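Undergrad: Residue numbers (the working numbering), protein chains in the order written: chain X, -14 to 390; chain P, -14 to 390.
Simulated from the structure, these hints should not be mistaken for lab results. Where hints are given, some of them may not hold.
The list cannot tell twin chains apart, which means a pair is met if one copy fits it or any two copies do.
Below 27 Å or equal to it, Euclidean Cα-Cα: the simulated DSS-like pairs (lysine-lysine) are [claimed, not checked]: (1) 70 / 335; (2) 307 / 340; (3) 149 / 335; (4) 168 / -13; (5) 307 / 335; (6) -13 / 149; (7) 140 / -13; (8) 302 / 149; (9) 149 / 168.
Quick caveat, the model's predicted, so the values are computed rather than measured.
Here's the letter readout for the chains.
2 protein chains.
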Amino acid sequence: MKYDFSARTHTLMTSPLLSIRTQTRRGSIISLAEELPAEELFPLSLLAEAASTVISADAQALQYGDPEGYGPLREWLEDDWLRDKGVHIPQNGVLLTTGSQQAVDLLSRVYIDPGDRVLVENPTSPGFLQVLRMQGAVIIPVEGDHDGLLPEHLKELIVSNRPKALFAAPSFTNPSGILWSLKRRREVLELCISHNVLIVEDDSYGDLHFQRQGRIASKYPSLYALENAGEGGHVLYIGSFSKTVAPALRTGWAAGSRELVGVMAAAKGMADWQSSSLNQRLLYHLLHASAFDLREHIAMLNREYDTRLKLMVELLKRPAWKDCTYDLPSGGMFLWVSLPDGLDALVLLKNALRKGVAYLPGPLCTADGSGSRYIRLNFSHPGRDELLLGMNLMSEAISEFTARS
Amino acid sequence: MKYDFSARTHTLMTSPLLSIRTQTRRGSIISLAEELPAEELFPLSLLAEAASTVISADAQALQYGDPEGYGPLREWLEDDWLRDKGVHIPQNGVLLTTGSQQAVDLLSRVYIDPGDRVLVENPTSPGFLQVLRMQGAVIIPVEGDHDGLLPEHLKELIVSNRPKALFAAPSFTNPSGILWSLKRRREVLELCISHNVLIVEDDSYGDLHFQRQGRIASKYPSLYALENAGEGGHVLYIGSFSKTVAPALRTGWAAGSRELVGVMAAAKGMADWQSSSLNQRLLYHLLHASAFDLREHIAMLNREYDTRLKLMVELLKRPAWKDCTYDLPSGGMFLWVSLPDGLDALVLLKNALRKGVAYLPGPLCTADGSGSRYIRLNFSHPGRDELLLGMNLMSEAISEFTARS
């Protein structure tokens, strides 16, 4: 049969992300391209125990649940986890989703029509871009520096384009690892409030903050927390357990005004009825009724990821990388590295893949496919040996090019 | 903030389904409205054991997986389960989804543009209608009888409307419970092939066939199996473990040509990266490495559901129902009952809810909101006592109206 696909389906198929994934899955490639947590740090035995207990205790754990997600886990988020971050959620203001990506997709489906203008950071997450392209949005990148988006530029773009929404990750932006300053957070929030721009705030990486002195929450509050006093509903706050507990539980969330979250819940019911309430119950049991302490667990992750980051930074001091630059992030999962003049990230990737190592090329993180001088390196997943080998292969791949020129 | 939702979001919010769900969730309502399997029949202890084993055995069980789903479960479907139904799947021809509903949604997103014409059975599944409305399809109902769609009517509509797709459930259509005859299956398939109409075949209820004499698969083959010889790719075959094992595992599938399934997998990656590979591994362990036998389990479900259906049919012989009619289904989960003249399903529902019982009113199963003389009653979920009480309350609700007129 000759298929007649829908108008924007081609945006899914032309993504180089697909071919990188296909290639890295074929066995022996060391991937610095992905967004994977370290599986050796998963709380396996506690999760195994939780699963067995939850399933044995109540057949309802395997029945259909609510589109909004398992009530006690939503309450735990509202009353415990998020409140502790200075975030006050209205009752029924949380929707559980299949990871944070589904929260982004659902919001886009209920809020963005083809031709609507949407602002993103430059560079930004490939996941944002895929969803916005499929939705037919006109994607407008906003420039920033190491403190976050530039308010003047943001204002110009808002005034000239009347965008409906801003998609951003103020804490450890994917891919650049930038942590917005408090001042910038306030400025961006105020601009968006005054121009009725909805902020979609992805805080999936926010807990992976390596320099934990005092209370992070008060130093780098989420935009959602900053707006709370007014409760104006200008921010949809998205998070996930994928980076802090385990991705295969596929549990993320969106928190916001009851109106917005209610509409997203209806879209969720249409899209897949509900995520796995079994996984949500399992998580709740782990968080609430086991020996597991999420705060301690995150502190452990941060010590380990910080060590891996430092090792990667050491390896970047080797000669092959001498003309590469980067800003050292204080958290997250990535280093965003600029390549020497004349070296193209997509061209280099072919050489790297031949050698057995992968990374994410910059153009996948920009709305217009620019960014070919940048690469994103993941330091959270590879263990010490893998990181050493992977970075050696990267060095070789780069040296071959720079030696030639 | 005043939200400016996308153009078709209102189709999600105007659905009476939402308010029925909200009301039935409030405690003491007996619901004959839902599509729930009987949770007391779930294989709890085997699933608890499987979960504990799978999580303890391999940290990869909790890591991100592939958008297509867990490989061994896909292979089990291809090589064992579906092949046994006469269904031959090309390699990489299966995508695992969050229940069958997500398969329907993903297909619609990659295949249907606003204004595209799509055929559905009349009546049809509320899940189909929600997705197609959100996608902006022009929905065209096709009439049928107790053997399935009427080929002449189908042909007329195809010729006059040039539809892109037909969404149907030939085995125990939701809500009518119709099992298409082999002759009709062939006729519908041939018409769609010759006019390049994609068939989206939902077989979620197909295994719930109560009169198991000989091999069902050869008597009522899926449209997908019927086309196999040609391998023309005109059928996307959708199924689920929700009705046969447990809904909270949220595991459904779409099987079809590599091209179509490949595009859907890309959309799946955009929508939520992947469903829970933990749940998929758990299912695979249950099916492949435990004492569980899915065929025996389904046979047990069918004996039990048949008993419940017979009880419901007995209760329908009471005086209150004397002017109601229905066709006795040979499987599935529903009775589709026509009410006496002058009784409106939506009006009756208010009275029924006040009494403490819910059902699905017919207009939720039609593209144009007609069908107000019909109600859908679920017999799979309520146990004996609940069924007795629920049907008593229904009788009361109906009697009050018929006594008045």
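Undergrad: Out of the numbered hints, which ones does the structure contradict?
TA: 1, 3 and 8
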